[in-house]
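Asks: Mapping of the sequence shown onto full-length UniProt numbering: position 25 corresponds to residue 25, and the numbering continues sequentially without gaps.
Since the hints were derived computationally from the structure, they do not count as laboratory data. Warning: the hint list may mix true and false statements.
The list that follows gives simulated cross-link-like pairs (lysine-lysine, DSSO-like), each with its CA atoms no further than 27 Å apart [what the hints assert, rightly or not]:
id	residue 1	residue 2
1	Lys27	Lys51
2	Lys27	Lys40
3	Lys346	Lys328
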Amino acid sequence: MPLPLLRIPDVALEYIANHMSEVELLKISLCSRKADRALKRCGQKELTYFKTNISSLNYLEHFQLSLLEAGRAEGGVCAALRLNLVVNFYNYSVRIDVWHNGICVYALYFECLNKLDQFAGIQKSLVMKHTYIPVVSTEDKSTYTFWNNRADGLTFVLKCLNEKFRHVTHKLNVFTRLMPDASQILTKFVDYTVLPEVSLIGVNIEQGVQMSIEDFRYILENVKFRDQSEVDCEFSSCFKVNENFEFSSTVLCSKLFLYSGHWITLQYLLKCKHSNIMVAGSKFTNEEIRIYMKQWVDGNILDVEQVYVDMSEPFNVNYVLSGLQRCKLQCSWRNRRPDHLYVFIKGVGNKIAIIRKDWFNMEVYTDWNAVKVENDEEQTGGSERIKDNKEEGEENGDDDESSGDNGSEESEEEEDKSQGKCDVDEDMEDGKEDESDGDVNMKEDKGVSDSD
C-alpha cells in the first residue's frame, strides 16, 4: 500500500524522512515540486542527483534520475553536466557508455526484443516520451534495454540525452565480433551525426573488424565532425581495405590516424585540413614528399602541426629538402631535437618544420628567433645531387644522406634511430582521449549467447 507522504503532518514526515536512504529521498524529491517542497520543510535541503553518491545507484537508476533532474532545470535542459556518450559495438552487442568528468557513470545495452527471456534479472518497464521500453537489470548492475529494432532504439536514447543536456559530445568505437545487424545500426548512427545539434568528437575502428567495404566508405563519406575547428576531433582506423580502394573526398576531422592507409594520396594531403596526420601503409615517393614540403613552405598548407607517412622508397632528406631555407632553432626544442637527427626548415611567418633525417616525420613549431642557415653544407650537397637522386634511386639516396653528416655523428645517429622510431606514435597521439581504454563492462554479457 503506497504511503500518502503529501498528506502526512510535517513532524511525522520528518521522522519518516530521517529513516530513508539518500536515493529514496531523491526519488521522492524528483516526483514533483510539491514533494520536493515537503521534504525541504523537513530539513532535507540538498536533494539533487548531482550530489548523490553514484556507487549507491545501479545503472538504470542513474539513467532515470539524471533525466528527471535535467527535466526540472530551467527550460527542461540541464547545463550543469558535460556528458560524453560513447557508442560501443563490441562482443555482438551495442552499448552506450555515459561519461562525465572522466568517469563512466552508467551504461545501457541495446538488445533485440525477442531475446528478452534469455536475460536473468529484474524486469521493469521504462517510459520515455510515451514509449514503453522493457528493461532488465542484472546482478552485476548492467542494464539491458529491448527494442524491435536496435538501430531505432540507439538513436532514440541518444536523442533523449542530447535534448535533456546542453553539453553533450559523442564518440564511436567499433570493435571485433560485430552482430548481424551491425551494418544497419552503424548507418543509422552515422546519419544521426549529421544532425546540426549533434557534436561528434571521435571515431575509432579497431583491427580485425568484419565490416564491408561499402560500410567503411559510407562512414568516411558521411560522418560529420561539426566542431572540428573548436575541439580535437579524431578519426582512427585499423580497417584494412583492398588495394583497389579509392577515396576522392576528405574526412572532416582535425586528427587522422590510419594504420592501413595505402589509399591516401598526395592530392589528399594537399587538400585535407587535418592538424595531425599519421598514415601507416601509405606509399609516398621522395618526389611527392618534395612537392608537399614545397607547398608547405609556400604557405598553402596552413593547418598541419604534425605529419607522419610511410614511403615506398627510403627517405632521401637532401633531395626532398633541396632548395628550401634551412635554419637553427633558438627555443627549448633545440635541445630535444638534435641537429644530427633532424633538419629545420623555415616556413611562412614564424613557423618551423622539424623533420627527421631517416624517415619523413614532420613537426611544426613556432620560433620567432630561428636563425637562417645561408651556406649549409647539407643543403648545397643535396641541391647538386638532385638529378642523380632521381635516376639512381635508393643507392644514391643513401650516399647523399651520409655525405651530409660528420663521421663522428654517424654512430650516434644509428644508436638513436631505433629509439626515435618508437616515438612516432607517441608524438602523433599526444592528448588522445583514453575513454575507450577505460570502458567498463567489456566482458561477456551474463546470460547471453554469442549468437546475438
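Asks: The structure should be examined with respect to each hint, and the outcome stated for every one.
Replies: How the hints compare with the structure:
1. Lys27 x Lys51: holds (13 Å)
2. Lys27 x Lys40: holds (14 Å)
3. Lys346 x Lys328: holds (9 Å)
Going through the hint list in order, the structure satisfies each hint without exception.
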